[in-house]
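Peer 1: Each chain, letter by letter, is given below.
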Amino acid sequence: MHSQRGTMMVELMIALVFLAVTASVMMRGVASLSTASAVARDRALILSYMKSRIEMIKAKARTTALTPGSTSTTPTLRQVAYPLTCTEDIALEPGFTNLYRVKVIGGWTVGSRGQNMKLETLVVAPDE
Amino acid sequence: MSNRRGFSLVELVIVTAMTSLLIGILGYVYVWVSGKSAQAYAQQAVISQASRITDDMEKTISNAVSCTPLVNLFGSSMSCTMPENGIDTNGDGVDDKWAPKLIGPRGQAKYGASGKRVWYYFSDSTGSYLAVPSAAQRYVFRAVRTDSALPTLANADNTFRNSPGGGFKWNLVSSVTFTADAPKKLITVKVKCANLAYGMNRRAETASSLSREFELERTVFTQNWRK
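Protein sequence lines correspond, in order, to chains A and B.
Per our numbering, the very first residue in the first sequence carries number 24; after that it's consecutive.
Per our numbering, the very first residue in the second sequence carries number 37; after that it's consecutive.
Note that these hints are calculated values from the structure, not bench results.
Where a beta carbon is used, it is the ideal one built from N, C-alpha and C, also for glycine.
Please note that a few of the clues may not be correct.
What the hints assert, rightly or not - Pairs of lysine-lysine residues, derived as DSS-like cross-links and limited to a Cα-Cα distance of at most 27 Å, are as follows:
1. A/Lys141 <-> B/Lys226
2. B/Lys205 <-> B/Lys133
3. A/Lys83 <-> B/Lys133
4. A/Lys126 <-> B/Lys95
5. A/Lys141 <-> A/Lys126
6. A/Lys141 <-> B/Lys220
As the list claims (entries may be wrong) - Across the chosen pairs, the derived CB separations fall in these ranges:
7. B/Asp128 <-> A/Leu70: 16 to 26 Å
8. B/Ser184 <-> A/Ala114: 38 to 48 Å
9. B/Val107 <-> A/Arg51: 44 to 54 Å
10. A/Ala88 <-> B/Gly201: 45 to 55 Å
11. B/Pro200 <-> A/Arg101: 30 to 40 Å
12. B/Ser56 <-> A/Val33: 10 to 20 Å
Make a model of the complete structure from these sequences and hints.
Peer 2: Shown next, in the form of structure tokens:
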């Protein structure tokens, strides 16, 4: 009967340790789910910003020629937790005088991992 | 006979205390995991809905000849005049392809300036355009007309409004604001979405309790500006 009482206590202790390990794994899993959700939110906001930049370049191209070259900015986006670097790269297409290749590249860092997105389009400028 | 004695009081107290501790930890973990999962799911739903409705509006604006925002309750409404000779290739109620009306001397396509009017606006559940702001204007609608008059219930686009499984498709969209930069032909759309994780009646919630509010902003150039 002594050994039975001892087993009962040990069982409880084992259950407690098992529970702690399980809870820890679950919490890590849910934390990674939250992180993935935040990354998806940031990507949606950054993609929308980059699309808007392309549209603004198209609007500018309507009346004036574009200036080839690369420009980097660090816009502050509300709700985005990480600093964003946005590079706009404009190059005249070989063999054309008014056709430009426009690239908008967004780069940011989540923890130690670098993330980036690139949008690319052809724009006629001036187009009027 | 001494082997068959019952549990002592101390043993019972220890077992009860440890069992209570286990149940307490289990309960806390369950509540925490459920809450976090619900928030992550709600955030995904909010992002998805804001992105999809913004993409829909972007498609309309970029193909429009011109767009005019109007002030309304819960943001604003907008009327876009589409090119003529439109065809609805995907059957969603709005033309998505246009045949040129004529080709200009430099080879540029001219699309005409008096096509259908596509409206985005907030209304009550009926879908009529409410000229007088009302607290019942909770739902975002799209309507298509062939003239410049205000949309009526008959013009509301049901494929835009209803989700495939029934119910209202844009139930998380709480406001949409349109602003125009007319000289540059740019329209900026701001879509605000909020989840239902903190109560089913989102209109009754205070702003601070809507911790999963998400705002998406998109600027679009009306590229088919050639009349």
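Peer 1: For every hint, state whether the structure bears it out.
Peer 2: For each hint, the structure was consulted:
1. A/Lys141 <-> B/Lys226: holds, 23 Å
2. B/Lys205 <-> B/Lys133: The given pair, whose Cα atoms are some 24 Å apart, holds under the 27 Å limit.
3. A/Lys83 <-> B/Lys133: holds, 25 Å
4. A/Lys126 <-> B/Lys95: holds, 21 Å
5. A/Lys141 <-> A/Lys126: Holds, because 7 Å separates the two Cα atoms, which is no more than 27 Å.
6. A/Lys141 <-> B/Lys220: holds, 24 Å
7. B/Asp128 <-> A/Leu70: 16 to 26 Å: Since B/Asp128 and A/Leu70 have Cβ atoms about 23 Å apart, the given range 16 to 26 Å holds.
8. B/Ser184 <-> A/Ala114: 38 to 48 Å: holds, 42 Å
9. B/Val107 <-> A/Arg51: 44 to 54 Å: holds, 48 Å
10. A/Ala88 <-> B/Gly201: 45 to 55 Å: Holds - the Cβ-Cβ distance for A/Ala88 and B/Gly201, about 50 Å, lies within 45 to 55 Å.
11. B/Pro200 <-> A/Arg101: 30 to 40 Å: holds, 33 Å
12. B/Ser56 <-> A/Val33: 10 to 20 Å: For B/Ser56 and A/Val33 the Cβ distance comes to about 19 Å; the hint holds.
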